[in-house]
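Go by the hints and put chain B onto chain A.
Read top to bottom, the protein sequences are chains A and B.
Residue numbering for the first sequence follows UniProt numbering, starting at 1 and increasing by one per position.
Residue numbering for the second sequence follows UniProt numbering, starting at 1 and increasing by one per position.
Keep in mind that the hints are not guaranteed to be accurate.
Any copy will do: because identical chains look the same in the list, a pair fits if it lies in one copy or spans two.
As the list claims (entries may be wrong) - Simulated pairs of lysine-lysine, DSSO-like, Cα-Cα distance not exceeding 30 Å:
hint: 1; residue 1: 596; residue 2: 329
hint: 2; residue 1: 678; residue 2: 227
hint: 3; residue 1: 107; residue 2: 596
hint: 4; residue 1: 444; residue 2: 130
hint: 5; residue 1: 295; residue 2: 388
hint: 6; residue 1: 107; residue 2: 615
hint: 7; residue 1: 107; residue 2: 363
hint: 8; residue 1: 277; residue 2: 615
hint: 9; residue 1: 388; residue 2: 596
hint: 10; residue 1: 596; residue 2: 337
hint: 11; residue 1: 615; residue 2: 519
hint: 12; residue 1: 615; residue 2: 664
hint: 13; residue 1: 295; residue 2: 137
hint: 14; residue 1: 329; residue 2: 355
hint: 15; residue 1: 107; residue 2: 519
hint: 16; residue 1: 107; residue 2: 388
hint: 17; residue 1: 615; residue 2: 637
hint: 18; residue 1: 295; residue 2: 107
hint: 19; residue 1: 471; residue 2: 442
hint: 20; residue 1: 197; residue 2: 395
hint: 21; residue 1: 388; residue 2: 664
hint: 22; residue 1: 137; residue 2: 478
These are calculated hints, taken from the structure and not from any lab test.
The model shown is predicted, which means the values in this text are computed figures rather than measured ones.
There are 2 protein chains.
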Amino acid sequence: MTQSPIRFSFLPRRIISCWNPANRRHFSTTPPALRAIIQESSKTKPIMATLTTKTGQVVDRSVLDSMLRRRLFYTPSFEIYGGVSGLYDYGPPGCAVLNNIVETWRKHFVLEEDMLEVDCTMLTPEEVLKTSGHVDKFADWMCKDPKTGEIFRADHLVEEVLEARLKGDKEARGQKVEVDAEKEAKKKKKAKSVAVKLDDAVVKEYEEILAQIDNFDGPQLEQIIAKYDIRNPVTGGNLLPPVAFNLMFQTSIGPSSNMPGYLRPETAQGQFLNFQKLLEFNQQAMPFASASIGKSFRNEISPRAGLLRVREFLMAEIEHFVDPEGGKKHARFEEVKNIELTLLNRDVQLSGSTKTERMTVGKAVETGLVDNETLGYFLARIQLFLLKLGVDPTKLRFRQHMANEMAHYACDCWDAELYTSYGWIECVGCADRSAYDLNVHKNKTGAPLVVRETRAEPLKVEEWQIELDKKKFGPRFKKDGKTVEAAIDALSQELREKLALDLEKTGKIEVGYIITIEKRTRVENVREYTPNVIEPSFGIGRILYSLMEHVYYYREGDEARGVLSFPPVIAPTKVLLVPLSSNPAFRPMVQELTTKLRRLGVSSRVDDSSASIGKRYARNDELGTPFGVTVDFQSVKDNTITLRDRDSTKQVRASQEEILQALKSLVEGEETWEDVRKRLPEFTGQEVD
Amino acid sequence: MTQSPIRFSFLPRRIISCWNPANRRHFSTTPPALRAIIQESSKTKPIMATLTTKTGQVVDRSVLDSMLRRRLFYTPSFEIYGGVSGLYDYGPPGCAVLNNIVETWRKHFVLEEDMLEVDCTMLTPEEVLKTSGHVDKFADWMCKDPKTGEIFRADHLVEEVLEARLKGDKEARGQKVEVDAEKEAKKKKKAKSVAVKLDDAVVKEYEEILAQIDNFDGPQLEQIIAKYDIRNPVTGGNLLPPVAFNLMFQTSIGPSSNMPGYLRPETAQGQFLNFQKLLEFNQQAMPFASASIGKSFRNEISPRAGLLRVREFLMAEIEHFVDPEGGKKHARFEEVKNIELTLLNRDVQLSGSTKTERMTVGKAVETGLVDNETLGYFLARIQLFLLKLGVDPTKLRFRQHMANEMAHYACDCWDAELYTSYGWIECVGCADRSAYDLNVHKNKTGAPLVVRETRAEPLKVEEWQIELDKKKFGPRFKKDGKTVEAAIDALSQELREKLALDLEKTGKIEVGYIITIEKRTRVENVREYTPNVIEPSFGIGRILYSLMEHVYYYREGDEARGVLSFPPVIAPTKVLLVPLSSNPAFRPMVQELTTKLRRLGVSSRVDDSSASIGKRYARNDELGTPFGVTVDFQSVKDNTITLRDRDSTKQVRASQEEILQALKSLVEGEETWEDVRKRLPEFTGQEVD
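Next comes chain A alone, as it looks inside the complex (with noise of 0.2 Å):
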């Protein structure tokens, strides 16, 4: 199964969690270490992690969430019918950012790298993700209570009623508890905390198995449940034992019920099964990269944490495929091996710290800490795109999996986090594959998903060959012929051997009549291998919610004053046109510029509402324009115009001119807001409330 983004890795999980098929297969015991790390961070942010702004002040989420929502960036889907939970619509703005970052992405990834892009359906028949493992093991724990019908998931409940006991622990022995958690549990309906204290020995056990509850499958956690008598927290009713829940949406592809069908999971399955006739289209070239974008799917039991938890979700994903010999060298690592990054590697995880150190990707490779130039290559690239975007450069680490989270085919996997007021927050996972995915296609259905190159030299192997003798061959064994014959084509080397050498000595093995045994030199002219896979996987939706956090700070002392400080080529509208006021003396120039700047490839919105120019402005700031032009008597005069930059609020004034070329350039970032500022007089009227 793929390491995909929506994943999370351990750490967040503590607040959102989900399944991770390598944890639930290798991972059943925390190491100490690991687990202080993690009730470490569960006591420093229960719910909410402290977040702060690049100008240093405090977010306070539920101010950002509204604004967001006000200014329809996001909002639950079918709200008009109820809502359901895990799905939300896009507004405008939302829509807009989303679009962008994906440009951004495909200029970044696929038209940069020559990558193959491909669509392929959601819809997938039940049999390739019965292959891919994804039928049998994509999969979480789930406990109905048989009075009310209500379904849980099992860790989270688990989790639930034990942190509301130990806090009612702490209440009980009159220690401070957070508001936040509090209130946010108070909201949910969810398990109260009862001021009971808890023995000393119990309150360890219920840390223990907080620390490790990602780990536990279905029948540890049935084993939990009982032990601890964890009930349906709001009724006190037993539940059922936990069953396994598929999280893929099921379906049925044509009338008759014959053909189930699933909503892929992952982009990434469509990429594999087309990898011969990809391989094709690139004339055999290797190593390539394939490419897709779109939406895939997940039915969570009980989806919380907004966007970043969602049943529908878009994905980004490369698969690119390399020869698994030569070491997975990058044509292109040159250009990147320079670059830091900020590392969370493996050990340091093992020894209970989250220190991260700044290292060039050149030294990580050469070190061995990342496992080859293409995983570092990507990584790299990675980082570049993720800044590109608006990621604060100090909320993004790459974590490495330590060797119990990986799938046991993978040889190093990396996670770009980025610092949420979640916490960290899996945005892009990058793993390196191995050949895993390939090839149980390639076993299932038998088409050669493989490399076959002409060797430059023919390669001589010298092996021991058999070779029958079939007129006595076939009256010996007669129907069971077949079957004989492929148990002596399975022979290894070394049996074959030993048979060789008894058959020259002893003459004893019964058979000896009709087979010879030879050692014999073969000569190679083509080499066929399966190809490894690195896949950088990301969560747009992820990317995109965190973004507006990392972007996100107010006016000086006025919380209800949002700016989302979206770089130009990220921002949903790039300039804002405000004219003085409606007198209709000005429609003509604002009609102009709206022209003009479309010929530039700007997009522009025009804002002639009665209200005043400073509000106006404030309003965008929400949506995060980055520039606006203003529009008075005296442009109609002189044709003059000012050009606000969002961050600084600082204006300049001159020519129409002169001020399009300046947004062009900023707009296509040739030039800085300072830059311009430089060089255009400033002005200092007019902004007023």
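Using the frame of chain A, we list chain B on its own:
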């Protein structure tokens, strides 16, 4: 239910057909004139319509199709697992063209017209689609063979069997039978025609049934199947009576089974549900349009016809909300009124002809042929969009829906149809849907999906008002009070007047002592109305496929050398870079050109394979790459390169800088090839096969 481009109109339906709610409900007999058109059409193009290229060559669909698959424009999904009918993946060039169409659409509609783009979920709870009518009516009729388990779409089956019999009759009468049709039938293992002569009367009956095959409901199809003894065409087995099969993919949202959901069959519903928020986002200003681009799903019973009938498809839909009063004017109508369209109006169709006429949009609206300015505006804008993509204007027409084709609430509807080898294909629908959608959701949920605007002058309404004497009313009606009050509220003005007169004249009304009826003047300061919706709805996959047929031609005399003459804005790659040979001397300049082109925003690819330059160009003609640049020994000496135009195959030679500038202006549409050819020196060497 929304009219969408995915529902074919009846003409192409002779070949590919689908469900049409309006048809099913209101269209039970085809007017004789129409039957004539349909029959004529089915006689002349039984399976494949004759399509000629822009250059006048006859298109062989199988040749084109094999080229499109070979070059990975598209490919059947899950092919290594045997494939799933109706599901296709787009490979790199198809995906690039798709992205370019979407980007052009977004610029042409969303940005150019300040539309509010939203991105809503595909997963949709049942209640929403129950309200919209899809749960009850979005269905086709299917018949099951109880022995084999096979399922047939009832209308397709009748059609196939009767056509086979008619063909057998022709054979028996010694008439010529189309070879193509014969071949297709054999390939698809469908009903075989057996040379059996039919009575003339029977032939006439069959032809009449085929002419109106789209208009039969389940019981009617059942009768036909029984009367004409229609069976499983392969086994001859009897079939069960037709049952309705809903075309939506069903699933279940969340872990309990109490939230059934569907994959949306169109993007429109999400836009309607968010109307109120969008209106607020637009600062209550009317009119405005929302827009959405995304996948929709229809679980076709037995999809045929390649990319034209698929189970998962990309749509782009606009919902333009407009005040129903004031004639639905459009502020920018002036800009388009002189644009000429090819129109096939409903009267012409009713008279039995398919004769189109050229008319300006201005005249079409003025004469009332097109219902209103807003609808006319969008027809013109749709045409401009399609032509920008490279659609052949001679293969584009707008066909008006006939009264009995439209949903009962629609006032006017036009389809933009593109002529293809499958006949005329509906690719864009443009309907005036009145207030239907907002009303049904408003009535169901109580959400105020309305516009409230302050009247410039208060409206004075003289009306009969009824007042109840609450003190007497309550005791008189007790628990029925509310019902009685509601009934009184609902009385029409006419009835109230009559009641008032009766009361005055006779005093005989039993409840006269409780109510007062008086003519009074009510002053309305706020006007409340439900906007009407004009809905242009684009089937992007269909446009893409039709476009590929429109831009296709082959080099004179060599059908194997196909060309896709996409305009630069749509072409997957803009420039092919071709070094004369694999000589390393060329590499630095090729690399330099790549970098410079990228900086100019022009996508390019390098083909440095060992094939001849002519072969490399031919390969890229198939991919639709409009320009080629060759680097040869002279380039290395004097820094000149050649530029080749795909369609004329002419070349010019100039300095790197001049050619790069020319490429930029060609790709951005500022110059045509003719302009460039005139100002730069021609080059006539090099292109050899």
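At most 30 Å between CA atoms: does that hold for residue 596 and residue 329 within a copy, between copies, both, or neither? Between copies only: 26 Å across chains, 48 Å inside a chain, cut-off 30 Å.
| request: Up to 30 Å between alpha-carbons, please classify residue 678 paired with residue 227: within, between, both or neither. | output: neither (71 Å within a copy, 88 Å between copies)
At most 30 Å between alpha carbons: which applies to residue 444 and residue 130, within, between, both or neither? This pair counts as within: shortest intra-copy Cα distance 10 Å, inter-copy 41 Å.
Handout entry: Copy assignment of residue 295 with residue 107, given that the CA separation must stay at most 30 Å
Key = both (19 Å within a copy, 23 Å between copies)
message = One pair to classify: residue 615 and residue 637, alpha carbons no more than 30 Å apart. Within, between, both, or neither?
response = within (25 Å within a copy, 62 Å between copies)
Could you figure out if residue 388 and residue 596 sit no more than 30 Å apart (CA to CA) within one copy, between two copies, both or neither? Intra 27 Å, inter 21 Å, cutoff 30 Å: intra and inter.
ask   = Taking 30 Å as the upper bound on the Cα-Cα distance, should residue 107 and residue 388 be classified as within, between, both, or neither?
value = Result: close both inside a copy and across copies, 12 Å intra and 23 Å inter.
### Query
Can you tell me if residue 329 and residue 355 fall within 30 Å by alpha carbon in one copy, between copies, both or neither?
within (29 Å within a copy, 65 Å between copies)
First find the shortest C-alpha distance between residue 107 and residue 596 inside one copy, then the shortest across copies, and answer within, between, both or neither for a cut-off of 30 Å. Both ways: residue 107 and residue 596 sit 25 Å apart in one copy and 15 Å across, limit 30 Å.
**Asked** Is the C-alpha distance from residue 107 to residue 363 at most 30 Å within one copy, between copies, in both cases, or in neither?
**Response** So residue 107 and residue 363 pass the 30 Å test inside one copy only (28 Å; across, 44 Å).
- Task: Up to 30 Å between alpha-carbons, please classify residue 615 paired with residue 664: within, between, both or neither.
- Result: Close inside one copy (25 Å), not across copies (41 Å); limit 30 Å.
(message) I want to check one pair: residue 277 and residue 615. Are their C-alpha atoms no more than 30 Å apart within a copy, between two copies, both, or neither?
(response) between (56 Å within a copy, 21 Å between copies)
When held up to the earlier numbered hints, the structure conflicts with 2, 11, 15, 19, 20 and 22 and fits the remainder.
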